[in-house]
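Keeping their order, the protein sequence lines are chains G and P.
Take the first sequence: its position 30, counted from the start at 1, is 30 in my numbering, and no numbers get skipped.
Take the second sequence: its position 123, counted from the start at 1, is 123 in my numbering, and no numbers get skipped.
Wrong hints could be hidden among the right ones.
25 angstroms max Cα-Cα, derived SDA-like pairs, lysine to any residue [stated by the list, open to error]:
hint, chain 1, residue 1, chain 2, residue 2
1, G, Lys462, P, Gly169
2, P, Lys213, P, Ala324
3, G, Lys284, P, Arg133
4, G, Lys224, G, Lys284
5, P, Lys273, G, Asp114
Distance ranges between label pairs, derived from CB positions [to be verified]:
hint, chain 1, residue 1, chain 2, residue 2, range
6, P, Lys501, G, Thr130, 29 to 39 angstroms
7, G, Lys284, P, Gly117, 21 to 31 angstroms
8, P, Arg464, G, Lys284, 35 to 45 angstroms
9, P, Asn17, G, Lys452, 55 to 65 angstroms
10, G, Ala106, P, Arg471, 51 to 61 angstroms
11, G, Thr130, P, Pro353, 27 to 37 angstroms
12, P, Gly117, G, Pro291, 27 to 37 angstroms
13, P, Gln338, G, Ala106, 53 to 63 angstroms
14, P, Ile105, G, Asp114, 43 to 53 angstroms
15, P, Thr336, G, Gly117, 29 to 39 angstroms
Hints listed in this document are in silico derivations from the structure and should not be mistaken for laboratory results.
Even glycine gets a Cβ: it sits at the ideal position worked out from N, Cα and C.
2 protein chains.
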Amino acid sequence: MNGAESLVRTLIASDVNMCFANPGTSEMHFVAALDRVEGIRCVLGLAEGVVSAAADAYYRIAEKPAATLLHLGPGLGNAISNLHNARKARSGIVNIVGEHAGYHIAHDAPLTCDIEGLAKPVSHWVKTSTDSRSVAADGAAAVEAARTPPGCIATLILPADTAWGEADGPAVARSPVPRRQVSGDAIRAGARSVQAGGKAATLLLGGDALRGKALEFAGRIAAKTGCRVYSEFNTARQESGAGRVDAPRLPFNVDLGLAMMSGTTQLILVGAKPPVTFFAYPGKPSTLVPPGCAVTEVADVGADLQHAMAALADELGASKTPPALVTSFDPGPEPTGQPTIEGIAAAVTHLIPENAIICDEGITTGRNFGAQTKNARPHEWMGVMGGSIGWGLPAGVGAALAAPDRKVIVFEGDGSGMYTNQALWTMARESLDVTMLIFANRSYQVLQTEFKNVGAGQPGFKARDMLTLDRPDPDWVAIARGYGVDAGRATDLEGLMREMKRGLAVNGPYLVELVI
Amino acid sequence: MNGAESLVRTLIASDVNMCFANPGTSEMHFVAALDRVEGIRCVLGLAEGVVSAAADAYYRIAEKPAATLLHLGPGLGNAISNLHNARKARSGIVNIVGEHAGYHIAHDAPLTCDIEGLAKPVSHWVKTSTDSRSVAADGAAAVEAARTPPGCIATLILPADTAWGEADGPAVARSPVPRRQVSGDAIRAGARSVQAGGKAATLLLGGDALRGKALEFAGRIAAKTGCRVYSEFNTARQESGAGRVDAPRLPFNVDLGLAMMSGTTQLILVGAKPPVTFFAYPGKPSTLVPPGCAVTEVADVGADLQHAMAALADELGASKTPPALVTSFDPGPEPTGQPTIEGIAAAVTHLIPENAIICDEGITTGRNFGAQTKNARPHEWMGVMGGSIGWGLPAGVGAALAAPDRKVIVFEGDGSGMYTNQALWTMARESLDVTMLIFANRSYQVLQTEFKNVGAGQPGFKARDMLTLDRPDPDWVAIARGYGVDAGRATDLEGLMREMKRGLAVNGPYLVELVI
Numbered sequence: 001m002n003g004a005e006s007l008v009r010t011l012i013a014s015d016v017n018m019c020f021a022n023p024g025t026s027e028m029h030f031v032a033a034l035d036r037v038e039g040i041r042c043v044l045g046l047a048e049g050v051v052s053a054a055a056d057a058y059y060r061i062a063e064k065p066a067a068t069l070l071h072l073g074p075g076l077g078n079a080i081s082n083l084h085n086a087r088k089a090r091s092g093i094v095n096i097v098g099e100h101a102g103y104h105i106a107h108d109a110p111l112t113c114d115i116e117g118l119a120k121p122v123s124h125w126v127k128t129s130t131d132s133r134s135v136a137a138d139g140a141a142a143v144e145a146a147r148t149p150p151g152c153i154a155t156l157i158l159p160a161d162t163a164w165g166e167a168d169g170p171a172v173a174r175s176p177v178p179r180r181q182v183s184g185d186a187i188r189a190g191a192r193s194v195q196a197g198g199k200a201a202t203l204l205l206g207g208d209a210l211r212g213k214a215l216e217f218a219g220r221i222a223a224k225t226g227c228r229v230y231s232e233f234n235t236a237r238q239e240s241g242a243g244r245v246d247a248p249r250l251p252f253n254v255d256l257g258l259a260m261m262s263g264t265t266q267l268i269l270v271g272a273k274p275p276v277t278f279f280a281y282p283g284k285p286s287t288l289v290p291p292g293c294a295v296t297e298v299a300d301v302g303a304d305l306q307h308a309m310a311a312l313a314d315e316l317g318a319s320k321t322p323p324a325l326v327t328s329f330d331p332g333p334e335p336t337g338q339p340t341i342e343g344i345a346a347a348v349t350h351l352i353p354e355n356a357i358i359c360d361e362g363i364t365t366g367r368n369f370g371a372q373t374k375n376a377r378p379h380e381w382m383g384v385m386g387g388s389i390g391w392g393l394p395a396g397v398g399a400a401l402a403a404p405d406r407k408v409i410v411f412e413g414d415g416s417g418m419y420t421n422q423a424l425w426t427m428a429r430e431s432l433d434v435t436m437l438i439f440a441n442r443s444y445q446v447l448q449t450e451f452k453n454v455g456a457g458q459p460g461f462k463a464r465d466m467l468t469l470d471r472p473d474p475d476w477v478a479i480a481r482g483y484g485v486d487a488g489r490a491t492d493l494e495g496l497m498r499e500m501k502r503g504l505a506v507n508g509p510y511l512v513e514l515v516i
Numbered sequence: 001m002n003g004a005e006s007l008v009r010t011l012i013a014s015d016v017n018m019c020f021a022n023p024g025t026s027e028m029h030f031v032a033a034l035d036r037v038e039g040i041r042c043v044l045g046l047a048e049g050v051v052s053a054a055a056d057a058y059y060r061i062a063e064k065p066a067a068t069l070l071h072l073g074p075g076l077g078n079a080i081s082n083l084h085n086a087r088k089a090r091s092g093i094v095n096i097v098g099e100h101a102g103y104h105i106a107h108d109a110p111l112t113c114d115i116e117g118l119a120k121p122v123s124h125w126v127k128t129s130t131d132s133r134s135v136a137a138d139g140a141a142a143v144e145a146a147r148t149p150p151g152c153i154a155t156l157i158l159p160a161d162t163a164w165g166e167a168d169g170p171a172v173a174r175s176p177v178p179r180r181q182v183s184g185d186a187i188r189a190g191a192r193s194v195q196a197g198g199k200a201a202t203l204l205l206g207g208d209a210l211r212g213k214a215l216e217f218a219g220r221i222a223a224k225t226g227c228r229v230y231s232e233f234n235t236a237r238q239e240s241g242a243g244r245v246d247a248p249r250l251p252f253n254v255d256l257g258l259a260m261m262s263g264t265t266q267l268i269l270v271g272a273k274p275p276v277t278f279f280a281y282p283g284k285p286s287t288l289v290p291p292g293c294a295v296t297e298v299a300d301v302g303a304d305l306q307h308a309m310a311a312l313a314d315e316l317g318a319s320k321t322p323p324a325l326v327t328s329f330d331p332g333p334e335p336t337g338q339p340t341i342e343g344i345a346a347a348v349t350h351l352i353p354e355n356a357i358i359c360d361e362g363i364t365t366g367r368n369f370g371a372q373t374k375n376a377r378p379h380e381w382m383g384v385m386g387g388s389i390g391w392g393l394p395a396g397v398g399a400a401l402a403a404p405d406r407k408v409i410v411f412e413g414d415g416s417g418m419y420t421n422q423a424l425w426t427m428a429r430e431s432l433d434v435t436m437l438i439f440a441n442r443s444y445q446v447l448q449t450e451f452k453n454v455g456a457g458q459p460g461f462k463a464r465d466m467l468t469l470d471r472p473d474p475d476w477v478a479i480a481r482g483y484g485v486d487a488g489r490a491t492d493l494e495g496l497m498r499e500m501k502r503g504l505a506v507n508g509p510y511l512v513e514l515v516i
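With the hints as constraints, model all of the structure from the sequences given.
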């Protein structure tokens with residue numbers, strides 16, 4: 001058995017069964033080992049940003065890490081943007097990067113570069129294997145690192161000679177470490193803050209607190225105490241829709257965020273960080289915490305948040321209180337006419353299937369859907385946690401592979417979708433059940449607003465050119481078909497309903513370009 | 001004047017007139033300044049790999065740096081692969097990366113990451129501006145760094161508050177540093193090696209030695225001494241075609257490379273490094289230098305190679321010897337039938353227009369064209385210097401903008417072209433005169449060979465899936481049209497001739513998908 005095979009067998013023995021790959025020569029022995037050994041699925045991405053975003057979304061849904069397979073420093077480079085997003089989402093990934101054979105590095109071949117240097121800013125754990133007999137143990141350590149709650153990026157760099165050299169056999173990662181329990185002191189401090197604030201208390205939730213019993217307990221606490229329940233601006237995975245507690249997301253816009261947080265005197269954090277603005281703007285604060293507001297952190301995102309929320313409800317005597325803020329299925333009448341944001345949100349509220357997974361990179365269009373989609377059928381909502389666009393389409397790949405029995409919907413800006421549209425090909429190859437809705441405003445609409453927000457005035461011709469995708473308008477239907485994905489175009493809400501229904505009806509990928 | 005405007009005016013005053021951009025919020029003041037100030041052209045790329053490869057190719061042709069404009073760490077991440085290629089090509093780039101306002105970084109907003117850490121592995125020079133009044137001086141220093149011969153990646157990180165804060169005014173980069181003169185001792189040592197080797201001497205050329213008088217002097221030396229003249233495996237910019245000295249490129253394949261270098265007893269390097277294999281393979285050497293061969297470095301790639309070759313010829317008494325290895329326009333009969341590699345090379349040899357620029361990422365198909373295209377009309381050939389694929393299409397963007405009066409041809413593999421096909425949109429927007437030839441073998445053909453070369457045996461089903469782009473076949477014609485670029489498909493050599501002629505006849509982008 002060579003080192004590559006010992007690593008593949010280690011991954012499988014350690015419950016890593018999915019590998020998102022874009023390999024090259026230095027990874028060929030790893031590919032050969034994946035070929036020989038049953039128990040791990042290989043999915044090719046035509047660009048590495050597809051690989052890393054798919055691994056991010058896979059972890060969020062499957063709740064266990066996938067492996068990646070990347071080609072030296074430049075392959076890692078292409079994956080960095082979405083590794084950044086995965087790191088901020090606290091997704092676990094066993095990020096395997098090939099490297100030249102150890103003895104070859106000194107020769108400074110074309111692809112030689114500082115892989116560890118590139119990996120460190122986007123990794124929690126980095127190791128370069130030194131010989132073929134240690135690759136299995138390194139692989140097990142990488143899996144353990146990736147599974148460290150709530151999830152870590154573990155980058156294992158695999159020189160080619162450690163892959164082709166002799167190995168003794170596989171290793172096995174130790175069982176996942178349970179999430180840390182939150183102390184009674186922290187729970188009691190949180191409860192005191194909730195009580196002190198009353199209606200001026202805000203419970204800000206993140207991570208696992210936005211799902212299951214934890215979210216339900218938030219509703220019970222709100223019913224008992226009158227506190228507000230919000231979620232962070234972006235959420236890795238949030239349950240929403242009919243029958244669930246509504247935890248509105250903090251908005252991107254600073255003024256709207258300040259308004260939403262206004263009046264809060266006690267901020268209680270469960271799996272969330274103190275809320276910050278996405279960017280800095282001249283003359284505006286970097287934090288959304290109101291002046292004088294007390295901040296109490298009950299639990300960070302790596303703790304056992306299900307238990308923490310139960311304990312917090314118990315401490316507040318709210319364990320049995322019927323929850324507040326619970327939504328109901330109420331899509332209203334079918335919308336018609338011009339594709340306004342409100343109209344699109346209404347259409348989407350009609351259409352979201354039961355238990356669907358939403359990958360939201362809808363930016364200016366999708367950002368404000370929550371006020372309506374909270375009344376859609378129950379679903380889960382995933383956002384771009386690191387703020388780097390080009391995540392949505394390949395996130396759909398990872399979500400669909402993690403949950404083949406669920407419908408996946410991607411909301412995608414036409415600007416953001418462009419970065420990694422290669423994901424469409426993987427959807428076609430793997431027949432993934434993903435319905436994509438592209439908001440084709442033919443611009444980086446967010447930047448047109450941001451241009452004013454930062455005080456840069458009115459864009460002239462050259463600036464406008466940097467903020468638009470017209471001249472020419474990309475034809476998403478043609479591009480999708482070029483990748484083997486069927487697609488249709490809509491220009492009004494009737495067309496949107498028709499095309500989305502078509503997409504949701506088929507058991508495979510379908511792209512809807514909505515011209516707005 | 002704010003910091004951003006002081007930087008833009010510094011760039012213009014320092015002869016930087018081109019900016020390849022994919023900006024975001026933190027760069028809006030820079031965009032606004034580009035808007036206000038005349039003298040610098042802005043070209044938008046829909047993905048940052050387009051931006052960095054375009055800047056690489058622009059430098060090679062324009063012989064002066066362009067600026068980039070990238071959005072924080074993740075935007076830089078997307079550019080890394082082609083920054084790596086540019087670094088290995090020794091292209092100069094003023095690589096401008098936005099950053100959060102200094103005071104905002106501690107808040108760990110979604111996009112916050114270690115930008116300097118990501119930049120260092122692909123940069124020769126990295127600086128983060130500390131205040132708006134120093135941005136102009138930092139910009140001038142970045143231009144000076146980028147212009148350091150033969151060219152450097154100078155990464156300037158620009159926190160948003162240094163862009164919007166007050167500045168005093170622009171700075172100006174000092175005049176470019178002249179290339180270092182090669183010492184008489186080095187010339188004499190080189191001449192002694194050439195003479196000692198005679199027909200067993202190999203003159204290996206790189207960088208600027210592959211153009212103009214330097215290349216001609218190589219032919220004179222070959223005529224006088226009988227030595228061989230080769231170029232490195234990939235070349236940043238090599239003159240080729242009728243009337244020029246033929247300096248065949250060392251091949252990718254190790255065995256072919258060893259065969260080509262076999263018999264060399266004296267290796268003389270002018271702008272080249274000792275030749276190494278692209279990858280390491282079990283049981284094969286990392287270097288192509290034959291055992292016992294003496295290696296003499298006359299000049300590294302940053303030296304004045306035109307002068308060095310003149311001096312070397314002079315030392316050898318070859319200054320006036322009519323050059324050997326000179327090629328003539330001899331395309332042979334128009335090829336017909338199946339698109340074999342030889343047939344495609346013959347077609348291309350017919351078609352290359354006078355003074356065309358070739359961006360070659362043809363991988364398995366394009367790699368061996370040289371033996372025939374040396375007899376095409378005179379042209380220049382540029383290759384992927386860092387070996388990271390996804391360079392060819394956006395390199396066409398940069399070359400066409402650097403030389404609007406010349407025809408640009410891109411040879412592109414269908415696998416490699418996929419990484420950055422977004423470049424097509426920029427070609428459409430800017431009406432760039434680029435004719436693209438996609439070799440659609442629907443596979444990573446190179447990897448199918450490499451799989452065997454590394455001793456991994458025969459690929460099975462899973463491995464084959466990692467090495468192919470079929471299931472489904474990408475439709476390059478549809479994808480190109482989706483980006484607004486006209487395109488046609490050919491399946492035989494007659495079709496190839498017809499489609500390429502169509503592309504070369506129009507004054508704008510045209511893509512030919514050749515199914516092979």
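Now the hints, each set against the structure:
Restraint check for Lys462(G) and Gly169(P): satisfied, since their Cα atoms lie roughly 22 angstroms apart, inside the 25 angstroms limit. For the proposed pair Lys213(P) and Ala324(P), the alpha carbon gap of about 14 angstroms is at most 25 angstroms, so the pair holds. For the hint linking Lys284(G) to Arg133(P), the alpha-carbon distance of about 22 angstroms falls within 25 angstroms, and the restraint holds. Restraint check: the Cα-Cα separation between Lys224(G) and Lys284(G) comes to about 35 angstroms, which exceeds 25 angstroms; the hinted pair is violated.
For the hint linking Lys273(P) to Asp114(G), the alpha-carbon distance of about 19 angstroms falls within 25 angstroms, and the restraint holds. Taken as a hint, the range 29 to 39 angstroms is violated for the pair Lys501(P) and Thr130(G), whose Cβ atoms sit roughly 55 angstroms apart. For the hinted restraint 21 to 31 angstroms between Lys284(G) and Gly117(P), the CB-CB distance of approximately 28 angstroms keeps it satisfied. Range check, Arg464(P) to Lys284(G): Cβ separation about 55 angstroms, and the 35 to 45 angstroms hint is violated.
For the pair Asn17(P) and Lys452(G), the supplied restraint of 55 to 65 angstroms is violated, since their beta-carbon distance comes to about 28 angstroms. Remark: the range hint 51 to 61 angstroms for Ala106(G) to Arg471(P) is contradicted by a beta-carbon distance near 40 angstroms. A C-beta distance of roughly 52 angstroms is found between Thr130(G) and Pro353(P), which places it outside the suggested range of 27 to 37 angstroms. Under the hint 27 to 37 angstroms, the C-beta atoms of Gly117(P) and Pro291(G), about 34 angstroms apart, fit the expected range.
Checked against the hint of 53 to 63 angstroms, the pair Gln338(P) and Ala106(G) fails, with Cβ atoms roughly 44 angstroms apart. Separation of Ile105(P) from Asp114(G) is about 24 angstroms and departs from the stated range, judged on CB atoms against 43 to 53 angstroms. Hint check: Thr336(P) to Gly117(G), Cβ distance near 52 angstroms, so the stated range 29 to 39 angstroms is violated.
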